[in-house]
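J.: Since chain C is already given, all that's left is putting chain A on it; use the hints.
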Amino acid sequence: MKARIKLAVLLTLVTAALAVLACVNLLHVRDSL
Amino acid sequence: VRTFRRLLFWCVTILFPVPLVVVYHAVAREPDQLKFFITLGLVAYSWWLAAVLLSVRPVWLERLVGLPSIYGLHGMLGVLAIVLAFVHRDNSYSGNQLAVVLGDWGYYAALVVLCYSVFFLSGWLVDRVHILLTVKRGLETLFRHQVSVWLHRLNLVVIVMIWLHAHLVVRVNQYFWFMMLFDLYTLTVLGIYAWKKWIAPDGYTTGTISVSAPLGASSRRISISLDQPESRLLPGDFFFLRFEGDPAIGREWHPFSVTDDDQQTVTFTIRQHGDYTRRLTGVRVGTRVRLEGPYGRFESIVQRHDGTAPLVLMGMGAGVAPLLSLAAAHHRTRPLHVLWAVREPDHAYYRDLLEQYRAASGGRMQVTVQVGRFRHAQLADLLPAETITQGAFFVVGPNPAVLATQRLLRRLGVASRRVYQERLTM
Chain C
1227 MKARIKLAVL LTLVTAALAV LACVNLLHVR DSL
Chain A
-5 VRTFRRLLFW CVTILFPVPL VVVYHAVARE PDQLKFFITL GLVAYSWWLA
45 AVLLSVRPVW LERLVGLPSI YGLHGMLGVL AIVLAFVHRD NSYSGNQLAV
95 VLGDWGYYAA LVVLCYSVFF LSGWLVDRVH ILLTVKRGLE TLFRHQVSVW
145 LHRLNLVVIV MIWLHAHLVV RVNQYFWFMM LFDLYTLTVL GIYAWKKWIA
195 PDGYTTGTIS VSAPLGASSR RISISLDQPE SRLLPGDFFF LRFEGDPAIG
245 REWHPFSVTD DDQQTVTFTI RQHGDYTRRL TGVRVGTRVR LEGPYGRFES
295 IVQRHDGTAP LVLMGMGAGV APLLSLAAAH HRTRPLHVLW AVREPDHAYY
345 RDLLEQYRAA SGGRMQVTVQ VGRFRHAQLA DLLPAETITQ GAFFVVGPNP
395 AVLATQRLLR RLGVASRRVY QERLTM
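Top line first, the protein sequences correspond to chains C and A.
Everything in the first sequence is counted per my numbering, starting at 1227 for the first residue and increasing by one.
Everything in the second sequence is counted per my numbering, starting at -5 for the first residue and increasing by one.
Hints are computed from structural coordinates only; laboratory data are not their basis.
All C-beta atoms in this analysis are idealised placements derived from N, C-alpha and C, irrespective of residue type, glycine included.
Be aware that a few hints might be false.
[As the list claims (entries may be wrong)] DSBU-like, lysine-lysine: derived pairs with alpha carbons at most 35 Å apart: (1) A:K190 <-> A:K130; (2) C:K1232 <-> A:K191; (3) A:K190 <-> C:K1228; (4) C:K1232 <-> A:K190; (5) A:K130 <-> A:K191; (6) A:K191 <-> C:K1228.
[What the hints assert, rightly or not] If the Cβ cut is set under 8 Å, some of the chain C residues that face chain A in the computed set are: (7) A1229; (8) L1247; (9) V1255.
[To be verified] Simulated restraints on C-beta separations: (10) C:T1241 <-> A:D240: 36 to 42 Å; (11) C:A1234 <-> A:P223: 28 to 34 Å; (12) C:L1244 <-> A:P25: 30 to 36 Å; (13) A:R298 <-> C:A1242: 43 to 49 Å; (14) A:R298 <-> C:L1253: 55 to 61 Å.
Excised from the complex, chain C in its bound form (with noise of 0.2 Å):
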């Protein structure tokens, strides 16, 4: 169980991060044009 709640804690930051980041990208883009 703990683990589980583990995993579902670490699933959420990675796809977080994967958000925050794809943000972060669109403004590089912007930024290059």
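T.: Frame of chain C; chain A shown alone:
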């Protein structure tokens, strides 16, 4: 089959950067020459990530290709990545000063980690040059194994630096889909690494120490009563162990071979030679232990060999441990010769057990225990021609002794594809 699997494993890992490179080339509009040098940087970064991925050492992969192969490629990728990073750094340019500084620092930090790891953690140099081994042993009083492991983890800092470096370079960061793939690579590898360190141990086998007793002057026998029988355990296997709740020992993971073929209570023979293993003198009965594994390929190799061909089990010192469990499993069914070299007469603590196996083997098993290494003439005398040409040889012991024995067997005419080895230190 063994070579094919290993080749496939190497190819898949080496090709790890391909999707990233293909996407970059599909979207980038830079001059070809610059694209080429940026590609080198991408490949170097991806290989560095792949090396981190291999350090996770999944059991299924180990059963396919073996741990030496995994760690061998882990190290090779580190070296190749540094070479490519050097060429990339020497031939690329960027207007962003922070990107340049981060790239430089990442490169130098990676170089330090690599040099340190090659010397202290791999056996590439110290197992082959005796003077370097002496230097390493001297320096180990200063740089304990745990310090080495932490320095090794600096490579995660290298990843963050290079990741940031790429995010600051306009020639790279302007391509949205490429950057998303670049970030996906990084996050996937860091996520898997975090899973391995933080979550995976919760699912490992656990047990309690039931016996901790000295064996001779410099070894120890530790038995662990498992909470649940380990049905995946095969003869010759090993586990990475972590002793819990004893601050004097620490929470490091170390590999040890199982000495018998019991799946409920596993017994380990530990040579107390290094800084960590000496601390195990203080380990108490009742201490909780976590076991990562089981790892090992010896039993699957035995099963693949012709059942009538002899097995030759050559152990040096505590290296006899996994061979004893192979002998326990096969002494009644296969021709078997155990050759055990020990340093001192009182180090032959399993002589009686081996004699028991021999007596019960119906003439199938031979045992030779001696003080000091086996020599060429002696092995030529002990091993019949049929054994030399058809036998499967399993060699386990300290790294330099294993390498010396492999050379000896080659000189005797044993084909190297029939010699399987496991080294005690890593």
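J.: Look at each hint and say if it fits the structure.
T.: For each hint, the structure was consulted:
Under the criterion of a C-alpha separation no larger than 35 Å, the hint pairing A:K190 with A:K130 is consistent with the structure, at around 29 Å. With a C-alpha separation of about 12 Å, the suggested pair C:K1232 and A:K191 falls inside the 35 Å cut-off, and the hint holds. Distance restraint check for A:K190 and C:K1228: the Cα-Cα separation of roughly 15 Å lies within the 35 Å cut-off, and the hinted pair is therefore satisfied. Simply put, C:K1232 and A:K190 have alpha-carbon atoms about 12 Å apart, close enough for the 35 Å limit, and the pair holds.
At most 35 Å may separate the alpha-carbon atoms for a hinted pair to count; A:K130 and A:K191 meet this at roughly 28 Å. Of the pairs offered as hints, the one joining A:K191 and C:K1228 holds, with about 15 Å between alpha carbons and a cut-off of 35 Å not exceeded. For the restraint placing C:A1229 at the interface with chain A, the shortest Cβ-Cβ distance is roughly 4 Å, inside the 8 Å limit, so the hint holds. Contact between C:L1247 and chain A, as hinted, is supported at the beta carbon level, the nearest pair being about 4 Å apart and thus within 8 Å.
Look at C:V1255: its Cβ gets to within about 5 Å of chain A, closer than 8 Å, so that hint holds up. C:T1241 and A:D240 have their C-beta atoms about 38 Å apart, which keeps the hinted 36 to 42 Å range intact. Checked against the given bound of 28 to 34 Å, the beta carbons of C:A1234 and A:P223, roughly 30 Å apart, stay inside it. Between C:L1244 and A:P25 the Cβ separation comes to about 31 Å, which falls inside the hinted range of 30 to 36 Å.
Checked against the hint of 43 to 49 Å, the pair A:R298 and C:A1242 passes, with Cβ atoms roughly 47 Å apart. The hint said 55 to 61 Å for the Cβ distance between A:R298 and C:L1253, and at roughly 56 Å that hint holds.
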